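Generate coordinates for the entire structure from the input sequences, incorporating the hints supplied.
Number of protein chains: 2
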Amino acid sequence: MASPYELIYYGGVPGRGEHIRLALEEAGAAYTDTATLTFNESREAVTTVLEGIQGNPPYFAPPTFRHGDLIISQTSNILMYLGSKLGLAGSGENDKYRINALALTALDGLSNEVHDCHHPIVVELYYEDQKEESHRRSKEWVKHRLPKHLGYWEKVLKSTEAEGPWLLGSTFTYADLVCIDGVLFAFPKAMKQAKESGKYNRVFQLWEAVRARPNIASYLSSERRQKYDWGIYRYYPENDVVAEDA
Amino acid sequence: MASPYELIYYGGVPGRGEHIRLALEEAGAAYTDTATLTFNESREAVTTVLEGIQGNPPYFAPPTFRHGDLIISQTSNILMYLGSKLGLAGSGENDKYRINALALTALDGLSNEVHDCHHPIVVELYYEDQKEESHRRSKEWVKHRLPKHLGYWEKVLKSTEAEGPWLLGSTFTYADLVCIDGVLFAFPKAMKQAKESGKYNRVFQLWEAVRARPNIASYLSSERRQKYDWGIYRYYPENDVVAEDA
Chain A
460 MASPYELIYY GGVPGRGEHI RLALEEAGAA YTDTATLTFN ESREAVTTVL
510 EGIQGNPPYF APPTFRHGDL IISQTSNILM YLGSKLGLAG SGENDKYRIN
560 ALALTALDGL SNEVHDCHHP IVVELYYEDQ KEESHRRSKE WVKHRLPKHL
610 GYWEKVLKST EAEGPWLLGS TFTYADLVCI DGVLFAFPKA MKQAKESGKY
660 NRVFQLWEAV RARPNIASYL SSERRQKYDW GIYRYYPEND VVAEDA
Chain B
460 MASPYELIYY GGVPGRGEHI RLALEEAGAA YTDTATLTFN ESREAVTTVL
510 EGIQGNPPYF APPTFRHGDL IISQTSNILM YLGSKLGLAG SGENDKYRIN
560 ALALTALDGL SNEVHDCHHP IVVELYYEDQ KEESHRRSKE WVKHRLPKHL
610 GYWEKVLKST EAEGPWLLGS TFTYADLVCI DGVLFAFPKA MKQAKESGKY
660 NRVFQLWEAV RARPNIASYL SSERRQKYDW GIYRYYPEND VVAEDA
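Protein chains in written order, with this note's numbering: chain A, 460 to 705; chain B, 460 to 705.
Think of the hints as simulated: they come from the structure by calculation, not from any bench.
Because the structure is a prediction, the values reported are computed rather than measured.
Don't take each hint at face value.
Identical chains blur together in the list; that is why a pair holds if it fits in one copy or across any two.
What the hints assert, rightly or not - Okay, derived cross-link-like pairs now, EDC-like style, lysine to aspartate or glutamate, Cα gap no bigger than 16 Å in a straight line:
| # | residue 1 | residue 2 |
| --- | --- | --- |
| 1 | Lys555 | Asp528 |
| 2 | Lys602 | Asp554 |
| 3 | Lys617 | Glu510 |
| 4 | Lys648 | Glu591 |
The following block contains the structure:
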């Protein structure tokens, strides 16, 4: 009997665990998810596994992932592992490293950098205690970084000679799943402006193509999909700025 | 004839390319390094390869790495690739993912977070234009994050049942090479205090054990080793704080 896939992450928000859920849902893989437990139970599951179990080192932070004897952490790492197992990592060894580079860049630019807009000083302090710096960072990020990231992804999408909406052209991979969904939640005004500029049509088409994949569409409309709230992606009206505000 | 390894990165500072250099030097692998060119030449080499060559996607930022037909970016990704090729990734497929998790966590906590101490708002602005926020972040980082990171690595090092100074006990891997070297440069006062506390002895022993490896020792005393200056790790006297300053 094959070991089940186990996602061990806090419940309550999609968070970094969401990238992993999307890969599992896309592939129609059977998995358990501690997000279905109560918040305290999910927290306890996370804490236990971070301590290091059965020949695995302790890890620093969730998401963590268990498959048989192997326990690992780090979103991109879990995605890379699953990508190989679930057939979402292109063809052959070389593609695996190309896709990991793309996924790491998407997680850096479209997730970590956006998170740091509401916590530019340190995550151990509340948003309210770094509100001023957060506001300045949001303005500068939207002005400098957002067009840089969107422009980069547009370039990647246009560079593939083959037809297809995906980062590797006609081959769908787990890197396509990272995309701009959370950025749309955190910075709706700037993203509306970006869309209307017509400069990033392929990027927005990729997002729509991901959401239209049958398994993803079905997941997004299910109760398993949690709402954005206090996690990585947050909406603060005062930070909902456009480039001209900087 | 085997393809040579090619590191394509800016010259002038160790930067993120240094993690890759250390892996290559440790293994005694033959490689070319654009850091040996003039700054403008190295910059041009970086720009060219970022555009995407021969079936490789465009990449967002250096370091980039070329081996035969494959071009990849992202420090952890290049390390993972080299780890397998150079025998620095433990034994078997599962270790590969455990080591990648450790390397990603070390690069996040001991490199990216330290970098963001001098650029908390946005990298497109000068340090001088975010000096106030940088100072606050440095104080809070040294107070909250530094002990969290050092404590975590101490825990990992103590968790291995086998004898040995390495993260996986007796097995040396490329993740050991990331370590605290740059943090010592950026925050000497806080690191002195951390060392004298006696709470992180294994972490400091790991750093010394890495520097004592013959190939690493020889590299560090060679002219190939560039000095820390304006790169990822920077020394600003006003940010050289201890936890009590926060």
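Open item on the list: Hints numbered earlier in the text: which of these fail when held up against the supplied structure?
Closed with: 2 and 4
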